[in-house]
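Enquirer: Chain residues, written in single-letter form:
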Amino acid sequence: MTRTPPLVELRDVVFGYGAEVILDRVSLQIHDDDFLAIIGPNGGGKTTLLKVILGLLDPWSGEVVRRIPGGGACGWVPQFATFDKDFPLRVRDVVRMGRLSQRRGRRRRGDGDDRDDETLRRLGLIEVADEPVGELSGGQLQRTLIARALVGEPQILFLDEPLASVDLELRESLIDVLVELNRTIPVVVVTHDLTPFAGAVRQIACVNRRLHYHPEGRLTPAMLEEVYGCPVELIAHGVPHRVLEPHAHEPGTGGRE
Amino acid sequence: MTGLAELLSYEFVRNAAWAGLLGAVLCGVVGTFVVVKRLVFISGGISHAAFGGLGVCYFLGLDPRLGAAVVAVLAALLLARSGKGRGRSHDATIGVLWAAGMAIGFLFMHQTPGYAPNLMTYLFGNILTVGTSDVLLTLGLTLAVVGALWLWFDELVAVAFDEEFAAVQGVRVRTVNALLLVAIALSVVFLLRLVGIVLVIALLTIPPVIGLRLAKGFLQVVLLAVGSGVAMALGGLSLSYAYDLPSGPAIVLLGAAGLGVIGLAGRWRGRRRAAGGRGLAAAAAGSTVDPP
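Line by line, the protein sequences are chains A and B.
The first sequence maps to residues 0 to 256 in numbering that gives the first Met the number 0.
The second sequence maps to residues 0 to 291 in numbering that gives the first Met the number 0.
Read the hints as simulated data drawn from the structure, not as lab findings.
Worth double-checking, as some hints may not be accurate.
Claimed, not checked - If the Cβ cut is set under 7 angstroms, some of the chain A residues that face chain B in the computed set are: (1) L88; (2) R89; (3) S100.
Built from N, CA and C at the ideal position, the CB exists for glycine as well.
One chain only, chain B, in its complex shape:
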């Protein structure tokens, strides 16, 4: 533990740890909706589209975060508008946003005179470059996003579960869906700093999947996702420091390994239960139980 104390005496490490914590909270809350609503591909589209805004702002000498945020939110609203109804074109729209965003971003970065930014930082992130202003910005963002989602929690869950029933209940389904997509967009922009565009999906998916494996209720899944996200971020950061690894991949791979262990443990337990002959199926007396 003296290692950790020593580690935290560096300001950039403290910033990274704070960023990781806040990121984990964002990922746990937003990511749970992403996973249960199957918005993983949409989230990927938004994050890659955001790269376009980032590149343009870089070229213009503006804050790249601003460009990324604006483009991500616009992409989210565009996708919310095009909606699920037209399935095929919606899917293709995401693909176009994805590719065009990357192309624009790379093009403008390439055209930027003088010092060429390190592309790898944006693709794979570097949590150790997060500054104090970033942390404060992220704190505000996390509070805003989590607060909004908390306020609309019941509506969001209802819409995610059964859109039509929610609509009959008088929930404004389109507004709720747009709110969620904007929350995803803002979270993605922040997460870019931590793990980069390519790995952002891992932070949005791995913690909620761990939560889904271990909990039954929605809120419990969210809390477990936040917890495992924190473990991923801080654990990955420590690994990155201890073995001099890039932080993004360290965080992601630690999470993936954790998920693998939980998956194997679940399978082993399931087999043992099946061998015992009395599973949940027997307890539920005559109800049919789908295998997980």
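The shape of chain A in the complex, shown without the other chains:
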């Protein structure tokens, strides 16, 4: 199958902090219709990998190629609350920052306000749009960060643990939003828990210093054992059991139906 060149391509990327190697010869391609989940143990380098992809961290060696159409921005939803909660900004102001990359040349304040409102409404934030961002609940803040990533009409969307502080009801609608977005752009999700994304994910990358890529969006216990360094039990909820393979030793438990 011939495809257009990948939007993002990592070749033998090595990165670390101090003397410690966090990512060891990592190669990865992200194509324009991917829904990629990056999973792995805590401290395995998931967030670091994302920051290398986004260009926030420069690799020690190897190559990172980004071919974002039209030089457009990457949408990025960072892991919850890296900023100062006392910062004097309203929800609306934070969301508006997502359009910073679109403004070139002369600014016109007020442009794109409709789009902000539409995004705020879509994520159920319109009622708190004029509240200080520091007074939001965890779930509201998470949605604000997602709204901020979406207003810029990103050509690719990266989310770091997007469900961390989101209640069950909201999870469903968020995943629906992501699946809908995935019809037009690739979506990359860093998560420690694949289960909620089971029906959406099409590719899986397991990161624990090394990266193991699974283009079919399925996991086997053997793969997980390789990544986590110990046997991992697979648990599935809901109908789509795409993430599961029949267990080699105990046939029938949690298998793919």
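Fit chain B to the given chain A structure using the hints.
Expert: For chain B alone, coordinates are given in the frame of chain A:
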């Protein structure tokens, strides 16, 4: 009000009032970034380092303002380069700049032959000695600094709020941070004339803190900071004239008193609201609200 009219009939008072107004605008705009980005210590380092340049220029018979400006900008660029990444050494670098600047400044002033400049003027400022040329210089500086910050306002706020997200958006974070530090440096040099090295921090912090207490949005905070800075400067100047007080401390203490009153009023209102049982928390329906 006849007192004020009489007061303003003196040229040196008019100059002082203009200087105060311009200073308030600078402080409100620059200071808001200083406070929200927690650059108070850095600003202190820059202002004290500037004293070194001031002393050297004094010794060489050059305009001390020039030396202060050059050293302040160099210190700002040095600090912008060393960056936040290496937290501990960055903090210590500020301390070294702070002390070395003061030592150099004092040393060269001490070695300057002839008439010894009044050290107190530089440490605590004297807005009443500001001349017409100073006012014009400051007007230019204020326009330049405020204009630059206005042009880059969205970028500056974005970087101050969430550096990494701004970087992903294609904002040149290092350039924006350097711009801010240079703006701080230039403002600090000017503010030295008003309130001196020791009290400069008060002008950069008190008005924005008042703004932060009263407003939600960033721009509103800036405007309120400018407003309270103007009130501080002109009020302090009047107090200084009326009671024959040194102008720097009068300005600073008036601001501190104002902040205290606003703080107490806010606390009193908060308690009343809590007693009423329906705060913002209830209005936000189920959202958790951190106590301010």
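Enquirer: Hint by hint, say whether it matches the structure.
Expert: Hint check results:
no.	hint	verdict
1	L88	holds, 6 angstroms
2	R89	holds, 6 angstroms
3	S100	holds, 4 angstroms
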